[in-house]
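A.B. asks: Keeping their order, the protein sequence lines are chains A and B. Position in the first sequence (first residue = 1) + 27 = our numbering. Position in the second sequence (first residue = 1) + 1 = our numbering.
The set of hints was computed from the structure by calculation and includes no laboratory data. The beta-carbon is built from N, C-alpha and C at its ideal position, and this holds for glycine as well. Hints may be right or wrong, so weigh each one.
In silico DSS-like cross-links for lysine-lysine, where the CA-CA straight-line distance does not exceed 30 Å [stated by the list, open to error]:
#  : chain 1 : residue 1 : chain 2 : residue 2
1  : B       : K132      : A       : K58
2  : A       : K47       : B       : K250
3  : B       : K108      : A       : K58
4  : A       : K47       : B       : K286
5  : B       : K286      : B       : K264
6  : B       : K180      : A       : K58
7  : A       : K47       : B       : K180
8  : B       : K124      : B       : K180
9  : B       : K181      : B       : K246
10 : B       : K178      : B       : K124
11 : B       : K124      : A       : K47
12 : B       : K232      : B       : K180
13 : A       : K47       : B       : K221
14 : B       : K180      : B       : K132
15 : A       : K58       : B       : K250
16 : B       : K221      : B       : K250
17 : A       : K58       : B       : K139
18 : A       : K47       : B       : K264
Quick partial rundown of chain B residues pointing at chain A, CB under 10 Å, derived from the structure [unchecked claim]:
#  : residue
19 : Y103
20 : D106
21 : K108
22 : D201
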Amino acid sequence: MRGAGFRDLEPVERRMFSYKAIYVIVLREFKRFFRQRGRLIVSVARPLLWLFIVGSGFTTLIDVTAGAHYIQFILPGIVGMTILFSSIFSTISVVWDREFGFLREMLVSPVSRVTIVLGKLISGTALSVFQGTILLFIAPFIGLDVGVGDFLTMIVLMFIVALSITSLGLFVASFLTSLEGFNVIMNFIVLPMFFLSGALYPIEALPGPIRAFSFINPLAYGVDSFKHILLPGQGRLAAELPLTFDIIFVSLFAVAMTVLTGLVFEKKK
Amino acid sequence: MIEVQDLVKSYNGLEAVRGVTFHVNEGETFGFLGPNGAGKTTTINILCTLLGFNSGTVSVNGYDCRKNPRMVRSSIGLVFQEITLDNQLTAYENLKFHCYMYNMDRKTSEKRIDEILEVVDLKDRRADLVKEFSGGMKRRLEVARGLLHRPRVLFLDEPTLGLDPQTRSHVWEFIGKLKKAEGNTVFMTTHYMDEAEVCDRIAIIDNGRIIALASPEELKMSIHGDTIYIKTADDERAAFEIEEKLGIKARRLDGGLVVITEKGERFIPRLFGALSPGIISVSLKRPSLEDVFIHLTGREIREDLNPGARGRLQGP
Numbered sequence: 028m029r030g031a032g033f034r035d036l037e038p039v040e041r042r043m044f045s046y047k048a049i050y051v052i053v054l055r056e057f058k059r060f061f062r063q064r065g066r067l068i069v070s071v072a073r074p075l076l077w078l079f080i081v082g083s084g085f086t087t088l089i090d091v092t093a094g095a096h097y098i099q100f101i102l103p104g105i106v107g108m109t110i111l112f113s114s115i116f117s118t119i120s121v122v123w124d125r126e127f128g129f130l131r132e133m134l135v136s137p138v139s140r141v142t143i144v145l146g147k148l149i150s151g152t153a154l155s156v157f158q159g160t161i162l163l164f165i166a167p168f169i170g171l172d173v174g175v176g177d178f179l180t181m182i183v184l185m186f187i188v189a190l191s192i193t194s195l196g197l198f199v200a201s202f203l204t205s206l207e208g209f210n211v212i213m214n215f216i217v218l219p220m221f222f223l224s225g226a227l228y229p230i231e232a233l234p235g236p237i238r239a240f241s242f243i244n245p246l247a248y249g250v251d252s253f254k255h256i257l258l259p260g261q262g263r264l265a266a267e268l269p270l271t272f273d274i275i276f277v278s279l280f281a282v283a284m285t286v287l288t289g290l291v292f293e294k295k296k
Numbered sequence: 002m003i004e005v006q007d008l009v010k011s012y013n014g015l016e017a018v019r020g021v022t023f024h025v026n027e028g029e030t031f032g033f034l035g036p037n038g039a040g041k042t043t044t045i046n047i048l049c050t051l052l053g054f055n056s057g058t059v060s061v062n063g064y065d066c067r068k069n070p071r072m073v074r075s076s077i078g079l080v081f082q083e084i085t086l087d088n089q090l091t092a093y094e095n096l097k098f099h100c101y102m103y104n105m106d107r108k109t110s111e112k113r114i115d116e117i118l119e120v121v122d123l124k125d126r127r128a129d130l131v132k133e134f135s136g137g138m139k140r141r142l143e144v145a146r147g148l149l150h151r152p153r154v155l156f157l158d159e160p161t162l163g164l165d166p167q168t169r170s171h172v173w174e175f176i177g178k179l180k181k182a183e184g185n186t187v188f189m190t191t192h193y194m195d196e197a198e199v200c201d202r203i204a205i206i207d208n209g210r211i212i213a214l215a216s217p218e219e220l221k222m223s224i225h226g227d228t229i230y231i232k233t234a235d236d237e238r239a240a241f242e243i244e245e246k247l248g249i250k251a252r253r254l255d256g257g258l259v260v261i262t263e264k265g266e267r268f269i270p271r272l273f274g275a276l277s278p279g280i281i282s283v284s285l286k287r288p289s290l291e292d293v294f295i296h297l298t299g300r301e302i303r304e305d306l307n308p309g310a311r312g313r314l315q316g317p
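Just chain A, same shape as in the assembly (with noise of 0.2 Å):
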């Protein structure tokens, strides 16, 4: 019955991931990460706003001798927080995909639905580091020494927080159908991640019972993270856990999410 010129269509098409699909869904977002220039921007002044007013603004009230200025001290909470804001906004572009009919066109192609999460997941992932990795280079300029192998760390680890953020991003967005959804959930969520992840103050600072949130918070073991490289210093200021411990939680919380969300996607139509 197939006529002459159809492909045979067997052996490809039973497979779990198209590496082919993850590369043009990935080239996509990048493609209009580029061209929206408005989020360029906003992605590269948001921080710096927030480390030379916020930051500047403290610095002066604040006792050189707890370890490091205070401009020095919230450098890695900016990295965290321009990683967080990136990470969990970049998955808007699954709602908006539902919302102008553009998810129709991959959920209708022989890609699995994992495929397309990981697709997600990665070019949400590869725009946050990328975005960290230029505030990075402030750190001359605010009088922090980061070397090579610093920066190359700094890199492995803003990877494992932004998929761990991201992934947690796709998983909330997979059950929002509107792009107004998405802002009223997101910025529930993206606030007190933030304001609970130890990038202004210390968390040993918060109060007992707000303390606890930053235990299950993502970020804060990343921004935490993040001080390990950036404030290698021993004071009130520097990073409050076991680098490694950091490590292990961001990693699970990525993959675990990771999890949910293909079952999510799996499931639903």
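Since chain A is already given, all that's left is putting chain B on it; use the hints.
C.D. replies: Frame of chain A, contents of chain B only:
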């Protein structure tokens, strides 16, 4: 190519598709004609494995839609009711995305994209962002995209919805051209009667049931044949002669005669031989699908509302 047996689909207890059975042959253009909400899009979504169903069996290209959805998906192309292109990508990028999702290699993709852009007349717009395209251009690009991976069946769900009449006929021209070039089976839905004329066979669907299934010609013949309007020098005598010699009753209407008969084009020459009064004019009107549709669904609706009403409405 498509086999559907006793398909039932309900949403929250409401039956959208109530036991539909049909098959589509290879190379055929098959149409689902019906009003909005009749179950057309539900059926197409089930065939494309985007939607599950309650009972029945559905297979496309020999693959069972329930057991082997990804094989079904890789062998079909789908053009959705709404535009599903990425506005922020160029025409070329949208097509390339599609090729890679269907696991085509780079060389084949490039060749195929060139080929298909040529057919839909968008070759000089390949590097433009889709957001700058008109509605008709977007449609053409979508149809092109649906055919990129050489699907054996192309599904078109209301492919001209929301387009102006001129663009609509333009899009159909392209679909016809593409079908000729590619030789696919086409399964389409529409609620525009005139568009259904391009189909080899049509299923008329209403309230989740198929109420008629045949070629457009057969459907039109099934109602009341062609209508022939005749004007003569002496209508009274002509009416008598038509009934006497040709055995058909002629009604008088607006200073002329009306005859309803099958195969009107064969009746007209006989008319000339039979009549002695001079004939002033003859015209023939074929029934449209619109007539068929109103005829069928009108009856259906009356039956649904009140089973006893039919006899009373027809009266003595």
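A.B. asks: Which of the stated hints cannot be reconciled with the structure, identified by number in ascending sequence?
C.D. replies: 2, 4, 6, 9, 12, 13, 15, 18, 21, 22
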